[in-house]
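*Asks:* Protein chains in written order, with numbering that gives the first Met the number 0: chain X, 0 to 353; chain H, 0 to 75.
In case anyone wonders, no lab produced these hints; they're calculated from the structure. Certain hints may be false.
As the list claims (entries may be wrong) - Straight-line C-alpha distance at most 16 Å; calculated EDC-like pairs for lysine to aspartate or glutamate:
| no. | chain 1 | residue 1 | chain 2 | residue 2 |
| --- | --- | --- | --- | --- |
| 1 | H | K6 | H | E23 |
| 2 | X | K104 | H | D33 |
| 3 | X | K120 | H | D53 |
| 4 | X | K120 | H | D55 |
| 5 | X | K18 | X | D324 |
| 6 | H | K72 | H | D55 |
| 7 | X | K104 | H | D59 |
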Amino acid sequence: MQMASLVNMPVYGLNKLEKKQFLTARLLELTQHHYQHCGEYKRLLHCIGETCMPKDAEHIPPVAARLFKEYQLKSIDEEEIFRLMRSSGTHGSQSSIYLDADSAKLQSQVLVKILQHWLGKARRPMLLIDAAQSVQNKNGMTARAAGLQGLSFFGRNHCYALNSDMQLDVARITEFFQRYEQENILIFGFTFIVWQQFIQQLEKLNLKFNLQNATLIHGGGWKKMQQQAVNDALFQQHIKNRLGDVTVHDYYGMVEQTGTIYMQCEHGYLHAPVWSDVMIRDTNDLHLLPFGEKGLIQVNSTLPTSYPGHCILTEDLGVVHGEDDCQCGRLGKYFTVHGRVPNAQVRGCSDTFS
Amino acid sequence: MFEDKLKQAFVNALSIEENEVTAELAYSQHPKWDSTAHMVLIAELESSFDIMLDTDDIIDMSSYQKAGEIIQKYIA
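This is chain X alone, in the form it adopts within the complex (with noise of 0.2 Å):
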């Protein structure tokens, strides 16, 4: 398939049939393309007992997303290697994801296509919940720096809203909000890092700002917030109160799939766009489990072609709770995420800072 047609596809306008033939035949030829270009994907279909090929997207043996952190899984030369992404896991190793200028290339390209839907092509003046720093570092590129940098191309006139430090700077945010509060804002933040340095130290300095339709996108995990019994309405609450009139969207994503993020309607619910689908499996067997019910999440993408991460099976637990007849219009699954299997490393983005 070409890049540019993959690429120009309507985020959420394939219904069920459209897309289930859209994504058996990309996965599988992804599949098949893997298995012929990585040793040790081949060596687990082998394992496994796969001894022809799937028939079916359901029938790909999904890749345990730990194994990014065990081995260096690429389906490309050393040489052919434009970006290493890393995790932002500070606990275990760390997941390696190995891009060629392609398959980096089409990521943004579709992260764009995908925030375009929710956010227009207008770039807005934007506040980075986060220190500059975070984004500088040159020992491969972590998922929090791939994230910030990915959202700044829906910004102008960035302003990092933390110190060095990760403290807020009260004089230089107030200074952002007072030249701009006659436009949409976009603020970007990890959830954790926007409770706990942004939210958390507004309410402590008792500040408080009146933004006009002002945007904000956050992500990385939930986990951190659930220890505090912070959940998505009490969130959504403490924002609105401390910064006026701003829409908030959750997105659900993982360096392992950059680009094709679940971003949150205005009905709470997480959508997949026409790129990728998500699939719960049973915690016990990994059954596949039908619509309402609780298991692991199984993320499926159709962009990765430099390493075999078309199919990873996560450590997050989740309920699919229908597919194309979410009360928002969208089209495609629609899910909730409700934290990690017990036993998982703590891996989101903004679990990484305490």
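Once you've looked at the hints, dock chain H against the given chain X.
*Replies:* What follows is chain H alone, placed relative to chain X:
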């Protein structure tokens, strides 16, 4: 004039020599034109030409030549 201004913006944003700015100069091909430098370049082009680029332009701006075409659209 336009060409000089465009060239200078690339020199400033990417910290490269003027003779490196050729029609073949392309995103991710030159070591200094990576995704971080790309945002610096966008900001530089916006201020030099006093324009506001949208997200499609940022993705499309994959070479020096393409940058010229995109900016022409705004100042024509």
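*Asks:* Next step is simple, just say for each hint if it's right about the structure.
*Replies:* Tested hints:
{"no.": "1", "hint": "H:K6 to H:E23", "in the structure": "holds, 13 Å"}
{"no.": "2", "hint": "X:K104 to H:D33", "in the structure": "holds, 11 Å"}
{"no.": "3", "hint": "X:K120 to H:D53", "in the structure": "holds, 6 Å"}
{"no.": "4", "hint": "X:K120 to H:D55", "in the structure": "holds, 7 Å"}
{"no.": "5", "hint": "X:K18 to X:D324", "in the structure": "holds, 14 Å"}
{"no.": "6", "hint": "H:K72 to H:D55", "in the structure": "holds, 13 Å"}
{"no.": "7", "hint": "X:K104 to H:D59", "in the structure": "holds, 11 Å"}
Violated hints: none; the structure is consistent with every hint.
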